[in-house]
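Heads up: the sequence lines are chains R and H, in that order. Going by numbering that gives the first Met the number 0, the first residue of the first sequence is number 0, and it counts up by one from there. Going by numbering that gives the first Met the number 0, the first residue of the second sequence is number 0, and it counts up by one from there.
Keep in mind that the hints are not guaranteed to be accurate.
Straight-line Cα separation of at most 35 Å, DSBU-like style, residue types lysine-lysine; simulated pairs [unchecked claim]:
(1) R/Lys3 <-> R/Lys308
(2) R/Lys308 <-> H/Lys70
(3) R/Lys3 <-> H/Lys70
Going by beta-carbon spacing under 10 Å, a handful of chain R positions derived as facing chain H [what the hints assert, rightly or not]:
(4) Leu62
(5) Leu120
(6) Gly122
(7) Leu170
(8) Val174
(9) Phe301
Rather than coming from a laboratory, the hints here were simulated on the basis of the structure. For every residue, glycine included, the Cβ atom is placed at its ideal position computed from N, Cα and C.
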Amino acid sequence: MNSKYLPLLATIVIFVLAYAGCTLQYPNMLSTRVIGNLLTDNAFLGIAAVGMTFVIISGGIDLSIGSVIAFTGVFLAVILQNTSIHPLLAFALVLVITTAFGGIMGAIIHYLDMPAFIVTLAGMFLARGMAFVLSIDSIPIDNEYYSTLTSLYYRLPGGGRLTLIGGIMLLVFAVGIFIAQRTRFGTNVYALGGGPQTARLMGVPVGRTTIQIYALSGFLAGLSGIVFSLYTSAGYSLAAVGVELDAIAAVVIGGTLLTGGAGFVAGTLIGILIQGLIQTYITFDGTLSSWWTKILIGLLLFAFILMQKAILFLSSLNKRYA
Amino acid sequence: MRSSLKALAYRLAPQLIALVVILLLNFITSPQFFNVVVQNARLYGSLIDVLNRGAPVALLAIGMTLVIATKGIDLSVGAVIAICGAVAASSIVSGNSVAYTVILTLSIGLACGVWNGFLVAVLNIQPIIATLVLMVAGRGIAQLITEGAILTFNDDGLTFFGSGSLLLLPMPVVTWILVGLLVILLVRRTALGMLIEAVGINRRASTLSGIQTPVLLMAVYMLSGLCASIAGVIVAADIKGADANNAGLWLELDAILAVVVGGNSLLGGRFSILGSLIGAMIIQAVNTGILSSGFPPEFNLIIKAVIIIVILVIQSPAVQSLAIFASRRQGGREQSK
Numbered sequence: 000m001n002s003k004y005l006p007l008l009a010t011i012v013i014f015v016l017a018y019a020g021c022t023l024q025y026p027n028m029l030s031t032r033v034i035g036n037l038l039t040d041n042a043f044l045g046i047a048a049v050g051m052t053f054v055i056i057s058g059g060i061d062l063s064i065g066s067v068i069a070f071t072g073v074f075l076a077v078i079l080q081n082t083s084i085h086p087l088l089a090f091a092l093v094l095v096i097t098t099a100f101g102g103i104m105g106a107i108i109h110y111l112d113m114p115a116f117i118v119t120l121a122g123m124f125l126a127r128g129m130a131f132v133l134s135i136d137s138i139p140i141d142n143e144y145y146s147t148l149t150s151l152y153y154r155l156p157g158g159g160r161l162t163l164i165g166g167i168m169l170l171v172f173a174v175g176i177f178i179a180q181r182t183r184f185g186t187n188v189y190a191l192g193g194g195p196q197t198a199r200l201m202g203v204p205v206g207r208t209t210i211q212i213y214a215l216s217g218f219l220a221g222l223s224g225i226v227f228s229l230y231t232s233a234g235y236s237l238a239a240v241g242v243e244l245d246a247i248a249a250v251v252i253g254g255t256l257l258t259g260g261a262g263f264v265a266g267t268l269i270g271i272l273i274q275g276l277i278q279t280y281i282t283f284d285g286t287l288s289s290w291w292t293k294i295l296i297g298l299l300l301f302a303f304i305l306m307q308k309a310i311l312f313l314s315s316l317n318k319r320y321a
Numbered sequence: 000m001r002s003s004l005k006a007l008a009y010r011l012a013p014q015l016i017a018l019v020v021i022l023l024l025n026f027i028t029s030p031q032f033f034n035v036v037v038q039n040a041r042l043y044g045s046l047i048d049v050l051n052r053g054a055p056v057a058l059l060a061i062g063m064t065l066v067i068a069t070k071g072i073d074l075s076v077g078a079v080i081a082i083c084g085a086v087a088a089s090s091i092v093s094g095n096s097v098a099y100t101v102i103l104t105l106s107i108g109l110a111c112g113v114w115n116g117f118l119v120a121v122l123n124i125q126p127i128i129a130t131l132v133l134m135v136a137g138r139g140i141a142q143l144i145t146e147g148a149i150l151t152f153n154d155d156g157l158t159f160f161g162s163g164s165l166l167l168l169p170m171p172v173v174t175w176i177l178v179g180l181l182v183i184l185l186v187r188r189t190a191l192g193m194l195i196e197a198v199g200i201n202r203r204a205s206t207l208s209g210i211q212t213p214v215l216l217m218a219v220y221m222l223s224g225l226c227a228s229i230a231g232v233i234v235a236a237d238i239k240g241a242d243a244n245n246a247g248l249w250l251e252l253d254a255i256l257a258v259v260v261g262g263n264s265l266l267g268g269r270f271s272i273l274g275s276l277i278g279a280m281i282i283q284a285v286n287t288g289i290l291s292s293g294f295p296p297e298f299n300l301i302i303k304a305v306i307i308i309v310i311l312v313i314q315s316p317a318v319q320s321l322a323i324f325a326s327r328r329q330g331g332r333e334q335s336k
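Could you put together the complete structure from these sequences and hints?
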């Protein structure tokens, strides 16, 4: 048993136990309807969290994704309201913009040698500001193609619905896992997280990889924004505030080390599902107030950090320089 | 003394220049910017407004500077503001005296600092994650205290901290200047400042050379919590209520920006609290300037982001080393004698 799988395993065990516990109390929670909703409601967060996983594995952080999601939503709403271009074209356009936005942040981080925290913080202000400039009102999206997309679903046995956006999230996770484990780019990301100096000595193109990582995060934040606008059928510049924190929490709960260099995209999916499960449980319970979600997620974060510490400590007993 | 003042001015030159440039820009866009009048035994004017509105960020920046100097970061200060505001409001609403309320609130802030410090210093958790826990959970805790409502109060004693005045200056201004002076004296008139820098540069080496690193780290996070709780009292007193959702929202980011704009490295080591305070005022001058200049408010964030990016790019290691290279080539002969 390789110790690097331990955090991932622990996350899965906790999720299964928590789900089993919830089911014991509310048998209805084990229906495909609940699972389908779990996927749909957390689709945008999940997609953004995949990008965040790559960024965090590389040892960086991206605080701009919540703002980019809001910008994407407002951009789509404004462009669909004022022009007659096809939504798919608008999607392509916005993805190009957000990808370039991420890429530029990556370039600034690498070439100006500035901390990712500060650069993406400025990016967060900038994206939110651009959304404000486009519109400060919440604009409804009234488009036929949109209604077609939102009404698409695959019927699961048991009456649950796997909606299009839930499906997109699962697809993004699948592609993310493939990129992280099976491509040269993925290996470079892990190498970068182990330390830029060693990565450079090993021949990893540090600059190019950094730019690619943040471009990928920007792309996925844009995709997440598209999904979010499908989910809410509106664009609002104050939407998705603090999504970056939820994403970071999901990544950490999913077993990725915030120091970089270790972690799994699949773990993030479980992290997202655990967060969704807490929310679903609170909805089912009905007496608990919504702020318990935040407190519970905070406690979970703490528990996982402690567990990671313990694992690192145990493995350092085996390897002296671990 | 003279030479140390000169060194200080030299070190803070970029920040001072930036502040002057932004104030001048404010003056150009709204000529009444420098007007200050005395009313009801208090100064009024845009300039005073900058000092007053910047108080929470300035207070946070004091604690944040020291935390960042130890190579740490405290993301939880915004949530601590929310918690402390909630504590202050619920304590005063349930009939406690002002003195008791303030002491209770400050000790809650200290307790938050102890929690962060414990995670960082004793459990050796990376500061950014350790403080993330309280950042995520903090607002939930604040809502737990206020039971989801916005608690309002009308106690003159407590609102004095937000809207009262002392020696012509608004109380928040007096508070942050006083706290800033005290902390600067504390770290610069003792060896504490140097020890903090040492921990930030190399924690292991500092521990080996006999510094009580865990105690020092704990103290630094406690100070940050304390500053946040003072800011929490001011924010709550200012709006005469505790809003668990919005009090101090994103102020941690403003505070970190203030520290970075103030010329401190996020990688720890040398620090200047005065620089951070100037940084906080730069950020507030930008905010107030945009509002008073009559730009459409939609542009606020973009302008703020652009100004911050320009300041940061000028300070970035890559540009700095270019500047040093250029100035060495020019001034090398002068310095050699």
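Going down the list of hints, with the structure as the test:
Proximity of R/Lys3 to R/Lys308 is assessed by CA-CA distance (about 13 Å); at most 35 Å being required, the pair is judged to hold. Distance hint between R/Lys308 and H/Lys70 is fulfilled; the C-alpha atoms sit about 19 Å from each other, no more than 35 Å. With a CA separation close to 27 Å, the supplied pair R/Lys3 and H/Lys70 stays within the 35 Å bound. A least Cβ separation of about 8 Å between R/Leu62 and chain H falls short of the 10 Å threshold, and the interface hint therefore holds.
Hint status for R/Leu120 relative to chain H: holds, with the closest Cβ pair at about 6 Å, below 10 Å. Annotation: interface hint on R/Gly122 holds; nearest CB of chain H at approximately 8 Å, less than 10 Å. At about 28 Å, the closest approach between the beta carbon of R/Leu170 and any beta carbon in chain H exceeds 10 Å, and the interface hint on this residue is violated. Because the smallest distance between the Cβ of R/Val174 and any Cβ of chain H comes to about 27 Å, over 10 Å, the interface hint for this residue is violated.
About 5 Å separates the beta-carbon of R/Phe301 from the nearest beta-carbon of chain H, less than 10 Å, and the hint is met.
The structure fails to meet hints 7 and 8 from the earlier list, while all remaining hints are met.
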